[in-house]
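Peer 1: Sequence:
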Amino acid sequence: MERLNLPLNDMESIEFTSMARELNESIQAPTRRALDKLDFLQKLSVAVELQPLLAVYAREVSLRLQVTGLEFEYEGRTYQPKYSQGSCCVLSSSLHLHDKSLGTMRYLSTKPLQQSQRQLIASLEEQLLQPLHNVLIFEHNRLLSLRDHLTGLGNRSYFDETLDCMQATAKRDMKPFSLLMLDLDNFKRVNDQHGHTEGDLVLKQFAKILQKALRINDYVFRFGGDEFVLLLAHSEVLNPNLVAQRILSMVHNDSLLNKHNVTTSIGFTNWKDSDNNSSMLERADKVLYNAKELGKNTFCYDLT
72 MERLNLPLND MESIEFTSMA RELNESIQAP TRRALDKLDF LQKLSVAVEL
122 QPLLAVYARE VSLRLQVTGL EFEYEGRTYQ PKYSQGSCCV LSSSLHLHDK
172 SLGTMRYLST KPLQQSQRQL IASLEEQLLQ PLHNVLIFEH NRLLSLRDHL
222 TGLGNRSYFD ETLDCMQATA KRDMKPFSLL MLDLDNFKRV NDQHGHTEGD
272 LVLKQFAKIL QKALRINDYV FRFGGDEFVL LLAHSEVLNP NLVAQRILSM
322 VHNDSLLNKH NVTTSIGFTN WKDSDNNSSM LERADKVLYN AKELGKNTFC
372 YDLT
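In the numbering used here, the protein residues as written are 72 to 375.
Please keep in mind that the hints were generated in silico from the structure rather than gathered at the bench. One or more hints might be untrue.
Lysine-lysine pairs mimicking DSS-like chemistry, simulated, CA-CA at most 25 Å apart [claimed, not checked]: (1) K283 to K182; (2) K363 to K330; (3) K246 to K283.
Cβ-Cβ distance ranges computed for the label pairs, FRET-style [claimed, not checked]: (4) N205 to R260: 46 to 56 Å; (5) Y154 to L272: 40 to 50 Å; (6) E298 to S345: 45 to 55 Å; (7) R317 to I208: 29 to 39 Å.
All C-beta atoms, glycine included, are put in the ideal place defined by N, C-alpha and C.
Generate coordinates for the entire structure from the input sequences, incorporating the hints supplied.
Peer 2: The following block contains the structure:
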């Protein structure tokens, strides 16, 4: 074997250069990590709304970890900034800041995440907590502006926003949902004979009935006056006929509504791939009119 004979001063130079490089890298590594954390935090802090924040977080997580999906659940609502099908492993992480719950983050993957990966997730979540807390406060205030002041139900703006999201999900997953339109029979008589204060009590009681009749992932909106709209998620699982019958029965058995002889008429339709917001509302409104024509206190559905 051929040996490389170098002068002593050259060998010392090589050794010194190698040691200097290692020392330099050991010094730079913490600096790079600090800069990386600062960059990540700045990206999170730019977002002022929940879904953009979750999109930023999902993108940054995907750059660092082999996760196939990401879900965030808060106060009964689930967001999917990174959608996945067929993931067999789920890591759930409860998020807290100063003992306040900020929801649950779920990491989906094809195989269990290793300890080092879990530690990286903990580090990423530590930077997420404060921006998430700020955004959730903003989201809470935003949702207050989307609520009907009398009943606490979603208003027309909230309906438009939710329907857009549900249509996007339906097109992606090919899972239809249902839209139900309702109004109160004989409600005008309550206002005319007993005044608007009594009428408001009837409206609030009817709103409570609708909320009790639905699941947590369904939506209730007041359009104004005595007109209401429901959105039932994935209605092939929950039959809209059963929901309509349940509402009719609950109205019939309510003492306040029964006292004023107030019932409800319902029209509903299922989502179609060619639908937009207006087309669904028009179909539901048409079959609601049919229910009125049949004598009220009943429901009709679109067969087209």
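Peer 1: Has the hinted range 45 to 55 Å been met by the Cβ atoms of E298 and S345?
Peer 2: violated, 25 Å
Peer 1: Sort out whether K182 lies within 25 Å of K283, counting only the CA atoms.
Peer 2: Since the Cα atoms of K283 and K182 sit roughly 39 Å apart, the hinted pair is violated (cutoff 25 Å).
Peer 1: With the threshold set at 25 Å, check whether the alpha-carbon distance from K363 to K330 stays at or below it.
Peer 2: holds, 21 Å
Peer 1: Go ahead and decide if the range 29 to 39 Å is satisfied by the Cβ distance of R317 to I208.
Peer 2: holds, 36 Å
Peer 1: Could you check the hint for me, namely that Y154 and L272 are 40 to 50 Å apart, CB to CB?
Peer 2: Cβ of Y154 to Cβ of L272: about 43 Å, so the range 40 to 50 Å holds.
Peer 1: Using the Cβ atoms, figure out if N205 sits within 46 to 56 Å of R260.
Peer 2: 49 Å Cβ-Cβ, so the 46 to 56 Å window holds.
Peer 1: Run the distance test for K246 versus K283: straight-line Cα separation, threshold 25 Å.
Peer 2: holds, 24 Å
Checked against the numbered hints above, the structure breaks hints 1 and 6 and satisfies the rest.
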